[in-house]
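Quick note, the sequence shown lines up with residues 2 to 89 if you use this note's numbering.
Fair warning: there could be bad hints in the mix.
[Claimed, not checked] Taking lysine to any residue pairs in the SDA-like style, the calculated list, with each CA pair at most 20 angstroms apart, reads:
#1 Lys-72 <-> Arg-20
#2 Lys-13 <-> Asp-63
#3 Lys-72 <-> Gln-17
[As the list claims (entries may be wrong)] Per label pair, the in silico range of CB-to-CB distance:
#4 Ser-21 <-> His-62: 25 to 31 angstroms
#5 Met-3 <-> Leu-49: 30 to 36 angstroms
#6 Phe-71 <-> Ala-41: 20 to 26 angstroms
#7 Arg-20 <-> Lys-72: 26 to 32 angstroms
#8 Ser-87 <-> Tyr-52: 28 to 34 angstroms
#9 Glu-40 <-> Ile-15: 36 to 42 angstroms
#10 Ser-87 <-> Asn-14: 35 to 41 angstroms
#11 Met-3 <-> Lys-55: 21 to 27 angstroms
#12 Ser-4 <-> Leu-49: 15 to 21 angstroms
#13 Ala-76 <-> Ser-21: 31 to 37 angstroms
#14 Ile-64 <-> Ala-11: 37 to 43 angstroms
#15 Ile-79 <-> Gln-17: 17 to 23 angstroms
The hints are simulated quantities; they were obtained by calculation from the structure and are not laboratory data. Yeah, the Cβ is synthetic: ideal placement off N, Cα and C, and Gly gets one too.
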Amino acid sequence: YMSPQQIKTALKNIQQLTRSPIAVNLFLPEPETHKMDEEAIQPMQQHLNTYRSKLGIPEVHDIPDVENLFKKQLATVIEAGVKIVSFT
Numbered sequence: 002y003m004s005p006q007q008i009k010t011a012l013k014n015i016q017q018l019t020r021s022p023i024a025v026n027l028f029l030p031e032p033e034t035h036k037m038d039e040e041a042i043q044p045m046q047q048h049l050n051t052y053r054s055k056l057g058i059p060e061v062h063d064i065p066d067v068e069n070l071f072k073k074q075l076a077t078v079i080e081a082g083v084k085i086v087s088f089t
C-alpha cells in the first residue's frame, strides 16, 4: 500500500505528464470480522524480511493500521482533485 505522501507525490508527477483525467484504485480494508492476527502474521513478516533485505527493501516489523491508512489515502486522493476513484 502506498502512503498518503507517496500517493500525493505520484499524483503530482502524473498530473505534470497529462491533462487527461486520472483514475486511482484504493484497496478497501477488510471488515472487522477479518482483523489481522499479529501472532499469525509476524512469522511470515520475518520470513519475508529475509527477501526484503536481499532486495534492498525496508524490513516490515509492524502490522499496518490499514483502516486508518485507507482513510488518509482517500483524503489525499480527494484533496488532489482526482475525479475517478475505484475500490478493490
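Taking the earlier hints as the rules, which of them does this structure contradict?
1, 2, 3, 4, 5, 10, 13 and 14
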